[in-house]
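Enquirer: Here the protein sequences line up with chains A and B, keeping their order. In this text, residue positions in the first sequence follow the working numbering: the first is 61, and each later residue adds one. In this text, residue positions in the second sequence follow the working numbering: the first is 61, and each later residue adds one.
These are computed hints drawn from the structure, not numbers from a lab. Careful, some of the hints might be misleading.
Intra- or inter-copy, both count: the list cannot distinguish identical chains.
[Claimed, not checked] SDA-like cross-link-like pairs, simulated, lysine to any residue; straight-line CA separation at most 20 Å:
#1 K364 - P107
#2 K364 - E100
#3 K364 - R77
#4 K364 - L319
#5 K364 - S325
#6 K364 - E168
#7 K245 - D174
#8 K364 - R69
#9 K364 - E108
#10 K364 - L105
Fair warning: this is a prediction, and the values are worked out from it, not measured in the lab.
Here's the letter readout for the chains.
There are 2 protein chains.
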Amino acid sequence: MAGRRDWTRETLAAGVRAGDRRALARAITLVENGDPLAYEVVRDLYPETGHAHAIGLTGPPGVGKSSLLAALIRLVRGQDETVGVISVDPSSPFTQGALLGDRIRLTEHFLDPDVFIRSMGTRGHLGGLAETTLQSLLVLDAARKDLVFLETVGTGQSEVGVLSIADTVVLALMPGSGDSIQALKAGIMEIPDVIAINKMDHPLAKTMLNEVRQVLSLGPHEGWVPPIVLTEAVRGEGIESLWEKISEHRAWLEADGELERRRRSNLAQEVFQVASTRARRHLEHAVRDDLELRRLLDEVQARKLDPLTAVREILERVFHMGERDGAGH
Amino acid sequence: MAGRRDWTRETLAAGVRAGDRRALARAITLVENGDPLAYEVVRDLYPETGHAHAIGLTGPPGVGKSSLLAALIRLVRGQDETVGVISVDPSSPFTQGALLGDRIRLTEHFLDPDVFIRSMGTRGHLGGLAETTLQSLLVLDAARKDLVFLETVGTGQSEVGVLSIADTVVLALMPGSGDSIQALKAGIMEIPDVIAINKMDHPLAKTMLNEVRQVLSLGPHEGWVPPIVLTEAVRGEGIESLWEKISEHRAWLEADGELERRRRSNLAQEVFQVASTRARRHLEHAVRDDLELRRLLDEVQARKLDPLTAVREILERVFHMGERDGAGH
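Chain A extracted, bound-state conformation (with noise of 0.2 Å):
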């Protein structure tokens, strides 16, 4: 354990632009800890970013994202390109739950020196899951990842708020996301750039993709139209055909400057999205720790004190915010 502590801001951040794993795995969990190390070797990274080609996979649980991203993962191997991972389990309590459950499906990559992969859960880690996520992107992105992959479980606004910072996103769906369909006819749901039905022999796969073609049908027909692909993740089956269409949204967005406007808005939105988090952590500091704050919470439920008046007074003692901001009146 004593090795831990060798890494110097500057022999970490030499580490992780060699792709040395045990710098990558440092740097990770340095970040994960919200450790001042980790932002400032992430801060000295930044300027070589922007290499990765980062790829969002989200879908409802059940679905087969792990196979898709191992079979994912097995062809893009074969073409020699280099990969990292970023798994985001919400339901897990746990950090590095790398050895558990689905994870278990991405074991084979684990000893490939060129294949990064880490998991990470919402909680027990200090920085806010969108935090993590874009600094360890970064982390993957400086160490000249070809790809780096960002997997969610689920399809709630917290996990997909995690993917707006991919260039692309692919959504995975299976017979029986009743649910997906619904909220993405209904508009609930962002309509991704890649759509994949896994479990493609199901007898009702063809039912599902009329649907998902239907739901498409409804939305803008100019610049990308969103492709869908059947998989059968398992068998590697579709996989090829996945991976051409991803490559080609890639193209579509290199071809006429949209990546670099994705990128813009991305960016402008990752940061927005890290500096409210961080507002909030810090609000909820502050109402924890007051005293004073507290009470305003007792006369709250006492019925003495409206709600609106107490969010008030609190904006006003942790945020220095008055009364106009950010009141909408």
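Got chain A sorted already, so can you dock chain B onto it with the hints?
Expert: What follows is chain B alone, placed relative to chain A:
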């Protein structure tokens, strides 16, 4: 339209207290507009609130929540209970979309003077969804509605966040809600207080019932165990059982001080949520309006300034937050 200007703080509060429909409609519109008059009226009325049983109704789109709601309202109106409904539809850019789509199922109740129904889109009102829902609930509570239903479309975090103020949360599912079952199983979606499986005539209804039972068997077995009810809302079947379970939950809450505890925690959560949303909006405006902050984002885009340093500068400038506040290190 001239009549709209007649309301004063006193007459509006008196109108709400008396349950006057025009006063209720006006007060909630003012809430949606973030009008200072709404804030004052709710502040005046707050000490009189706490009477209503707030019932949240959520579930993926398409399961028939509006039909369930219409059937429940029919039932409780037969028992002479007065009803308020706040229907949150995040896919609708319009407020008061009460004549469109699903809302059509509630039309039979539109002329009942003891039922007040309001639909809200997520855009088009300034106060943020949690704030608008909370304030509207307080208005309906002060109008002595016995029951206030909070209906949301979708089961994402933003929708379910709205329900954090409810005393009882009902999750509606149907055969085909596979994603929701998986999300419950994975611990991504919180276990509700009562589960309704609608469209009970569907051949896969029993399968769904077994799946839900299995998920619940993994949860805690002490305290309240969420009952599962099969319904067919359009024909009104199972609605009495559903209502019985909702009432039993309320009775359970009241029996051992749990209602008090839950409301304390809900209110604290809600105040924090509203404060956090306001802080976020303040940040959004600041980043949009402040040239210096926009310049920071340009530097991030040009890879000259790393994202976290930009975040720190933004938080320092907007919220006077120091490096150690909310940074986790």
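Enquirer: Against each hint, give a clear statement of whether it holds in the structure.
Expert: Evaluated hints:
1. When the C-alpha separation of K364 and P107 is checked against a cutoff of 20 Å, the pair qualifies only between copies, where the shortest distance is 6 Å, while the shortest distance within a copy is 54 Å.
2. Taking CA atoms no more than 20 Å apart as the test, K364 paired with E100 passes between copies only; the shortest distance there is 14 Å, against 48 Å inside one copy.
3. For a Cα distance limit of 20 Å, the shortest separation of K364 from R77 across copies, 18 Å, qualifies, whereas the shortest one inside one copy, 59 Å, does not.
4. For the identical chains of this complex, K364 and L319 are inter-copy neighbours only, at 18 Å across copies versus 54 Å inside a copy, given an alpha-carbon limit of 20 Å.
5. In this assembly of identical chains, K364 and S325 lie within 20 Å of each other by CA distance solely across copies; the values are 16 Å between and 44 Å within a copy.
6. Proximity of K364 and E168 under a CA criterion of 20 Å is satisfied in neither setting, with 61 Å inside one chain copy and 38 Å between copies.
7. Neither within a single protomer nor between protomers do K245 and D174 lie at most 20 Å apart by alpha-carbon distance, with minima of 39 Å and 34 Å respectively.
8. Taking the shortest Cα distances, K364 and R69 sit within 20 Å of each other only across copies (19 Å), while inside one copy they are farther apart (53 Å).
9. In this assembly of identical chains, the alpha carbons of K364 and E108 lie at most 20 Å apart only when taken from different copies (10 Å versus 56 Å within one copy).
10. For the homomeric pair K364 and L105, the shortest alpha-carbon distance between copies (10 Å) is at most 20 Å, but the shortest distance inside one copy (53 Å) is not.
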